[in-house]
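Enquirer: So the protein lines, in turn, are chains U and W.
Positions 1 to 114 (this note's numbering) are the ones given, in order, by the first sequence.
Positions 1 to 113 (this note's numbering) are the ones given, in order, by the second sequence.
Mixed in with the good hints, there may be bad ones.
To be verified - Simulated restraints on C-beta separations:
| id | chain 1 | residue 1 | chain 2 | residue 2 | range |
| --- | --- | --- | --- | --- | --- |
| 1 | W | Pro-8 | U | Glu-64 | 33 to 41 Å |
| 2 | W | Pro-61 | U | His-82 | 16 to 24 Å |
| 3 | U | Thr-5 | W | Pro-61 | 23 to 31 Å |
| 4 | W | Pro-39 | U | Gln-45 | 30 to 38 Å |
| 5 | W | Lys-57 | U | Thr-5 | 34 to 42 Å |
Stated by the list, open to error - Covered stretches of chain U (in silico footprint by chain W; criterion: 3 or more residues with CB under 8 Å from a CB of chain W, positions within the stretch not fixed):
| id | stretch |
| --- | --- |
| 6 | 43-49 |
| 7 | 102-111 |
Keep in mind the hints are simulated off the structure, nothing from the lab.
Just so you know, even glycine gets a beta-carbon here, dropped at the ideal spot from N, CA and C.
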Amino acid sequence: AQSVTQLGSHVSVSEGALVLLRCNYSSSVPPYLFWYVQYPNQGLQLLLKYTSAATLVKGINGFEAEFKKSETSFHLTKPSAHMSDAAEYFCAVSDLRANSKLTFGKGITLSVRP
Amino acid sequence: KAGVTQTPRYLIKTRGQQVTLSCSPISGHRSVSWYQQTPGQGLQFLFEYFSETQRNKGNFPGRFSGRQFSNSRSEMNVSTLELGDSALYLCASSLFMLRETQYFGPGTRLLVL
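With the rest of the complex left out, here is chain W:
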């Protein structure tokens, strides 16, 4: 069974631009979560989607948004990029929402110049 895939793997943007990252979960998984990983803050939860609904949200500004499609694929969007948004963005999928093991993709590394 194919794992979680994320595209693109690397991205360079400039301040003020917006970016969209994509995540395809493991087949049959309906929950998708997003995390931001930085050297200073570590791994931080962004949000979680289940059946196209955001069910949980971390402590990030409104510039960070996401959505999930009927096939469980998910996208996250960051508008008005700031230098501090440079990070590895990880997507994880699981079968259901409650405490199931999450399987992570390879991540998208975003560099904001």
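The shape of chain U in the complex, shown without the other chains:
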């Protein structure tokens, strides 16, 4: 079965600083990987996805993630944090054998300090 691990539940950065949110996955088949963001009282919004094409994936709002098979990682980064980036971020994996079921990590809350 597939699984996702997001280390730490809370990350705090200063505005303008690098954002790095970590995600490690486990999957017995080549995975499809996703990052979603959730703002308070809202649903999930897709930031980016990896589907076995380019290993460096660019998403919306300046975010990008790099798929590293050897490290089973799919970390999310943004060069310069903005106050509006404060939200909860979820990494998810979709396993081919489980159709389109998504398995999510526990989520990381990102705070941005002025």
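Got chain U sorted already, so can you dock chain W onto it with the hints?
Expert: Chain W in isolation, oriented as in the chain U frame:
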């Protein structure tokens, strides 16, 4: 194109009651999945429907059920509500079933008293 819509957005019920939540997918999307989000358990997959058939089911008791209509709209039902069913219920739609990107609605927040 309109996004995924869910109704109602907020709901308060008491233990033992039943509840029905509704989800309208993005136009043209035929797969609808449901997830439960709680602070303790995070996001958990409930079930998925495609062409009016349940194709995948998570590890939830039989009190949780769903269905999909010919227009792809979906409903989920929870019978005999328990306090632990208080959660945000999210619906997601996608074009087809296999590994397509899922687009989420705003959710229905259910509070069981």
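Enquirer: Is the gap between the beta carbons of Thr-5(U) and Pro-61(W) within 23 to 31 Å?
Expert: holds (27 Å)
Enquirer: Given the hint of 30 to 38 Å, check if Pro-39(W) and Gln-45(U) actually sit that far apart at their C-beta atoms.
Expert: At 20 Å between Cβs, range violated.
Enquirer: Can the stretch 102-111 of chain U be counted as covered by chain W under the rule of three residues or more with Cβ-Cβ separation shorter than 8 Å?
Expert: holds (count 6)
Enquirer: Using the Cβ atoms, figure out if Pro-8(W) sits within 33 to 41 Å of Glu-64(U).
Expert: For Pro-8(W) and Glu-64(U) the Cβ distance comes to about 37 Å; the hint holds.
Enquirer: Please count how many residues of the stretch 43-49 of chain U have a CB within 8 Å of a CB from chain W and say whether that reaches 3.
Expert: holds (count 5)
Enquirer: In this structure, is the beta-carbon distance linking Pro-61(W) and His-82(U) contained in 16 to 24 Å?
Expert: violated (43 Å)
Enquirer: Determine whether the Cβ-Cβ distance between Lys-57(W) and Thr-5(U) falls within the hinted range of 34 to 42 Å.
Expert: violated (24 Å)
The structure fails to meet hints 2, 4 and 5 from the earlier list, while all remaining hints are met.
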